[in-house]
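Place chains S and Y on chain H using the hints.
Residues per chain, in single letters:
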Amino acid sequence: MIMELFDRLFPIQRSITGDGVREMLTILNELVPIEQKEYPSGMTCFDWTIPKEWNVREAYIKNKRGEKIVDLCDHNLHLVSYSVPFRGTVSRDELLARIHTLPEMPDAIPYVTSYYKENWGFCIEHNRLREFVDDEYEVVIDATLEDGYLTIGEGYVPGRGEQEILLSTYVCHPSMANNELSGPLVQTMVYQYLLKRGNLKYNYRFLYVPETIGSILYLSQYGDMLKQRLAAGYVVTCVGHGPSFTYKKSKRGETLADRAAIHVLRQSGKPHRIIEWSPFGSDERQYCSQAFNLPVGSLMRTMYGDYKEYHTSLDNRDLISEEALQETVDMYIKIIETIEANETYRSTHIHCEPKLDKRGLYPSTGGTRSREERERVSMITYLLAYSDGDHDLIDIADKMNKVGSDLAETASLLLAKGLLVPCSGEEIPAYQASGNREEYSRPIPLSKQASS
Amino acid sequence: MIMELFDRLFPIQRSITGDGVREMLTILNELVPIEQKEYPSGMTCFDWTIPKEWNVREAYIKNKRGEKIVDLCDHNLHLVSYSVPFRGTVSRDELLARIHTLPEMPDAIPYVTSYYKENWGFCIEHNRLREFVDDEYEVVIDATLEDGYLTIGEGYVPGRGEQEILLSTYVCHPSMANNELSGPLVQTMVYQYLLKRGNLKYNYRFLYVPETIGSILYLSQYGDMLKQRLAAGYVVTCVGHGPSFTYKKSKRGETLADRAAIHVLRQSGKPHRIIEWSPFGSDERQYCSQAFNLPVGSLMRTMYGDYKEYHTSLDNRDLISEEALQETVDMYIKIIETIEANETYRSTHIHCEPKLDKRGLYPSTGGTRSREERERVSMITYLLAYSDGDHDLIDIADKMNKVGSDLAETASLLLAKGLLVPCSGEEIPAYQASGNREEYSRPIPLSKQASS
Amino acid sequence: MIMELFDRLFPIQRSITGDGVREMLTILNELVPIEQKEYPSGMTCFDWTIPKEWNVREAYIKNKRGEKIVDLCDHNLHLVSYSVPFRGTVSRDELLARIHTLPEMPDAIPYVTSYYKENWGFCIEHNRLREFVDDEYEVVIDATLEDGYLTIGEGYVPGRGEQEILLSTYVCHPSMANNELSGPLVQTMVYQYLLKRGNLKYNYRFLYVPETIGSILYLSQYGDMLKQRLAAGYVVTCVGHGPSFTYKKSKRGETLADRAAIHVLRQSGKPHRIIEWSPFGSDERQYCSQAFNLPVGSLMRTMYGDYKEYHTSLDNRDLISEEALQETVDMYIKIIETIEANETYRSTHIHCEPKLDKRGLYPSTGGTRSREERERVSMITYLLAYSDGDHDLIDIADKMNKVGSDLAETASLLLAKGLLVPCSGEEIPAYQASGNREEYSRPIPLSKQASS
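Chains H, S and Y, in that order, are what the protein sequence lines are.
So for the first sequence, my numbering puts the first residue at 1; every next one is plus one.
So for the second sequence, my numbering puts the first residue at 1001; every next one is plus one.
So for the third sequence, my numbering puts the first residue at 2001; every next one is plus one.
A hint or two may mislead.
As the list claims (entries may be wrong) - Result set (DMTMM-like, lysine to aspartate or glutamate): computed pairs, CA atoms no more than 20 Å apart in a straight line:
hint, chain 1, residue 1, chain 2, residue 2
1, H, Lys358, S, Glu1254
2, S, Lys1355, Y, Asp2047
3, H, Lys417, S, Asp1047
4, H, Lys270, H, Asp330
5, S, Lys1399, Y, Glu2254
6, H, Lys355, H, Glu327
7, H, Lys308, Y, Glu2372
8, Y, Lys2399, H, Glu276
9, H, Lys64, H, Asp93
10, S, Lys1227, S, Glu1254
11, H, Lys399, S, Glu1276
12, H, Lys117, H, Glu94
13, Y, Lys2037, Y, Glu2154
14, Y, Lys2117, S, Asp1357
15, Y, Lys2068, Y, Glu2038
16, Y, Lys2037, Y, Asp2147
17, H, Lys201, H, Glu162
18, H, Lys68, H, Glu162
19, S, Lys1308, H, Glu373
20, S, Lys1117, H, Asp142
21, Y, Lys2417, H, Asp47
Unchecked claim - For the chain Y half of the interface with chain H, some residues (derived, Cβ under 7 Å), not all of them:
hint, residue
22, His2349
23, Ile2350
24, His2351
25, Cys2352
26, Thr2365
27, Thr2381
28, Tyr2382
29, Asp2388
To be clear, the hints were calculated from the coordinates, so they are not data collected in a lab.
Here the structure is a predicted model, which means the values were calculated and not measured.
Quick reminder that beta carbons are idealized off the backbone N, C-alpha and C, glycines included.
Only chain H is shown next, with the shape it has when bound in the complex:
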């Protein structure tokens, strides 16, 4: 199912503005409600200005025999993104000065953009340069670059509390698979899971934005709100390729986002590495900028810059796999479930341990115990010993080298027995793991959808 969605979205000509973005969001809206917000060209956001809207109908290069030797219809990367309209005959030299290739990867079309400087150009496989033997060429770029709008997609699943969790991905790299169609796909699957799960402690926000300008625009509008409410967030990018995970920490490095993701990765036993935040990256550059410094990390697979097909036409369907996408969806869901399950408690009995058997929490026969009894007693005693207001469930689970959400079920039991009280003071309903994990990846049939 994910790959069917992939195949619908992959051919769309997407850039940082334009109808391609709207088309993609409309298709995703079949699965999950996504509001399209439009912001006009020329609008200022911090140090930036929303550019003109760009749309392209066709673009090609014809040789002297009238053959289209380069055609946007063949691959979206053939045209430099944001190329200005052009129609005319150019000499071979003039044309070659406008053509980008990758000599070191002669079969790949490079990905080139010129968002903020008016320009035009084409991108082709280096091996095809030898076909340019004519002395002049007809060039057509039937595009518009006019005042219009930049489109942001936003989804929301409400929870019981005031705090929220952010997932953010980007919509602007056309006809590339890992970077970046995998992010919107995985984020949408996670969004769909949460819609169906319900009974959430946190509110969940899902952003589909053009990279950089989109997150800057969003922060210029809603940054103060996020600063106040955000408990954790993740940039979802490069999640379809490679055997292992990379988690890039938030700039603060010790936020709930980081602790939950690292906890889940470690407990998963799957290959992974943890890297420090850096300004080489995606929208976490903006989310973690000094004035906001939000708790936003990024769980990826093989990340931008770490694979040779990056930013070329070889970052295609063959590079990614449904299994990798699905495994990433699972991992994001486990992280979210860990955050949902997490809580900080305080023991009610701090003068020595409470007597557990009189509350039915300990076998009345001592001496030898089964493995299961030992595990349960171990979780109980760790929770009682470390619930001092300073350690949340993730901390305690890390001390035990156990899965945090397992611990949450035992914590609910101790809460019911009056041995723990939540530090927040609020009533905490017993944590219940979602029962239908199998279902989350099956998109809701279109007929049952309501579009937003």
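Chains S and Y alone, transformed into the frame defined by chain H:
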């Protein structure tokens, strides 16, 4: 000598209450003064209540031919500890439901208790189940479970100051060697050493308690006093078996107890490992509970749960060795001597180094020096450089990778020369290592003892 | 050139006082201005007193045939430094009691001093003891030990600011190469470099002192000034021998001196080790004493005590190399340039990243970039992200694993564009690396020098 004491104590039927505990404490009182304190059944201590006192005269199972096929006389573990009185004929099925075995260790009798739920049962080797071929059996448990007392043994060696050091072991695991007759034996040897040593800076308290209920009871009575006075403490358990040491840190993890024990273990060159505190353990669970959080760790050898004979009849005399017990006594004594020797000083000359040769502390001929001179000068200069009120001798010795008590002798010299002053402000007598380390393990002949 | 200077200084009879020190400083003054400061015998400095001044004209031992079998003319180490005047005939036994040898290094003359106790003696190769077959000997020590002066050499290169950097070396180990003629040589080369470089942010102070008494004396006079002004300092000693560097941290361990030296060593790729401060050492013992605790470390090569020729006549010209001396000069200069280049900035755009292309700082064509572009953009984005007032350039360079002074050039660019402002508030001229690094090691011809 230790093993003779072992042989007297091993056969005693000990539980968390009863005459077995008193008998054990009375025998130990031949070596060191131990006060027996009695607390009545029904008394409340925090969340716990002192149970009825349990004593047993005999217990057996007879087959139809009148043969005793299980007899408490053969092994104390045959009867579930705290079994209620019973006398009657039971069917094979009824009996087998009351019999505990360890299928995975068919030659071991398991250790089973039922302190807080009235019940009875027997424990046998799994291999012997095949002997139970009759259809009914005569069962006799001639025990009493009545209002009585719980007994705590306490010893004390006074020192010059107000602070104290605690050693605590437990008295309630009958006829098992490493866990737990080794603890009372080692603790008593250390106690005897300190009695003879005298001239102590700290007061020393020695507790012999039933595990869990005993330490909780003690804390309910004296916890505030300990919180005020305790400088360091250790739970002495599992100290007779295995080639290497395990030190389990206090919950706070950086207390004097931890620093001294870790320092001594490292300097000893003996194999050891350091583990974090956890609520899987013995009475440090109570001593380190949130309200008290005392500086109490535990120096063990092969610890509870880490050897297959744990909590079975195979934890017997063959499992432990006199050498291991003795080596542990030595290690505890070295830790205590390190704590006795430890002090925080302040240099009187902080504007550059003082001139050492004019005080006879430095060779007047410079250039080349013997190894001994270099060592001595090195200790002097480290003491002067780091005695800034923030580093005690253990810290400074750790920086030098030297034995702390060696450093103490040099510190006394500098104190005498006026180059150091104690931070505590009190007069500190020159540290003197005890000269008779050879003697400590030889129990004082009974005739010379005064009982308490 | 360095080795020519070495050859002029090596034969001079230097001690902690006397004309040898003055002669050495006068020769160095041909290269760099060095002021000679004289302090009288008997003057008190903290716990110390300046000793009498010692000078020696000749010293020898003659056998019965009138042959000089030991002669100060042959090697400065033959006479115990600070030997009192003596002239007379002594028996073989009396003489041997005054003779120092190194049995484990029979071909080496040991280095022995007796600064603070009036005494005399000779030092010879252990192998030569067999030549002492006569029953009596004529001994002449034509020395003076009288009230006089202790000489300190001091140089200074002024900078724009108020803070200063200290280099300190010692003048008192005669006719030994690594420890210690290498220190004065390297320090003088660095001093000469800074004189020619000019345009300095920091003031630079260069001390040439007798070890221990000299730094104590200096601190007694100027310690409070140093405490107020010193940003970083290094003791320059043992810098001519061995393939790798040793950096000994200041006692505080995290000062600018430490961070700059460790940064430069790591970026150099040269073999090195970092060690903690200890009171086994040279004048950092005094500079880091508790009352001052200055930010003074020590960059060495094979350090005192780590090579067998240490403090013997085998620490000679063959032990050191011009390459090693030169490489150390280079390393000190790189450290100083790193300190000069270091600054703490604050980003002016903290709400998301500023738009770089409109300031000409970012390629307007995106997608693929050259390695150089990526490097430059990377430096820019790191500087903007981490310039929050808490991280200086060394910190940011360490995060990037880049050379700090490279980062400084990019920082100047951002400063010019108004994207960074200095935290200090002061006007910061653009950092410019010195262009004439090749020249620094060529001493200025004597004719062009001005003496101080």
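The hints, checked one at a time:
Under the criterion of a C-alpha separation no larger than 20 Å, the hint pairing H/Lys358 with S/Glu1254 is inconsistent with the structure, at around 35 Å. Under the criterion of a C-alpha separation no larger than 20 Å, the hint pairing S/Lys1355 with Y/Asp2047 is consistent with the structure, at around 6 Å. For the hint pairing H/Lys417 with S/Asp1047, the CA-to-CA distance comes to about 14 Å; that is within 20 Å, so the pair holds. Pair hint H/Lys270 plus H/Asp330 holds up; C-alpha atoms about 12 Å apart against a cutoff of 20 Å.
Only pairs whose Cα atoms come within 20 Å are accepted, and S/Lys1399 paired with Y/Glu2254 is accepted, the gap being roughly 17 Å. Between H/Lys355 and H/Glu327, the direct Cα distance comes to roughly 43 Å. Violation of the 20 Å bound is thereby established for this hinted pair. Of the pairs offered as hints, the one joining H/Lys308 and Y/Glu2372 holds, with about 18 Å between alpha carbons and a cut-off of 20 Å not exceeded. A C-alpha spacing of about 9 Å is found between Y/Lys2399 and H/Glu276, which places the hinted pair at or below 20 Å, so the restraint holds.
With a C-alpha separation of about 15 Å, the suggested pairing of H/Lys64 with H/Asp93 holds against the 20 Å cut-off. For the given pair, S/Lys1227 sits about 16 Å from S/Glu1254 by alpha-carbon distance, which is consistent with the 20 Å threshold. A C-alpha spacing of about 9 Å is found between H/Lys399 and S/Glu1276, which places the hinted pair at or below 20 Å, so the restraint holds. Under the criterion of a C-alpha separation no larger than 20 Å, the hint pairing H/Lys117 with H/Glu94 is consistent with the structure, at around 19 Å.
About 8 Å separates the Cα atoms of Y/Lys2037 and Y/Glu2154, which keeps this hinted pair within 20 Å; it holds. About 9 Å separates the Cα atoms of Y/Lys2117 and S/Asp1357, which keeps this hinted pair within 20 Å; it holds. A threshold of 20 Å between alpha carbons decides the hint, and for Y/Lys2068 with Y/Glu2038 the separation of about 36 Å lies outside it, so the pair is violated. Among the hinted pairs, Y/Lys2037 with Y/Asp2147 is consistent with the structure: their alpha-carbon atoms are about 16 Å apart, no more than 20 Å.
Under the criterion of a C-alpha separation no larger than 20 Å, the hint pairing H/Lys201 with H/Glu162 is consistent with the structure, at around 9 Å. Using a Cα cut-off of 20 Å, the hinted pair H/Lys68 and H/Glu162 is violated, with the two alpha carbons roughly 57 Å apart. Straight-line distance between C-alpha atoms of S/Lys1308 and H/Glu373 comes to about 18 Å, which keeps the hinted pair within the 20 Å bound. With a C-alpha separation of about 87 Å, the suggested pairing of S/Lys1117 with H/Asp142 is violated against the 20 Å cut-off.
For a cut-off of 20 Å, the pair hint linking Y/Lys2417 to H/Asp47 stands: about 14 Å separates their Cα positions. Taking 7 Å as the C-beta contact cut-off toward chain H, the hint placing Y/His2349 at the interface holds, the least distance being around 5 Å. For Y/Ile2350, the shortest C-beta to C-beta distance to chain H is roughly 4 Å, which falls under 7 Å, so the interface hint holds. For Y/His2351, the interface hint holds, since its Cβ comes within 7 Å of a Cβ in chain H; the closest pair sits about 4 Å apart.
Given hint, Y/Cys2352 at the interface with chain H, holds; its Cβ is 4 Å from that chain's nearest Cβ, closer than 7 Å. The closest approach between the C-beta of Y/Thr2365 and any C-beta of chain H is roughly 5 Å, which is under the 7 Å cut-off, so the hint is satisfied. Here the hint on Y/Thr2381 is kept, as its CB sits about 4 Å from the closest CB of chain H, short of 7 Å. Because the beta carbon of Y/Tyr2382 sits about 6 Å from the nearest beta carbon in chain H, less than 7 Å, this interface hint is met.
The beta carbon of Y/Asp2388 is positioned within 7 Å of a beta carbon in chain H (closest approach about 5 Å), and the interface hint is therefore held.
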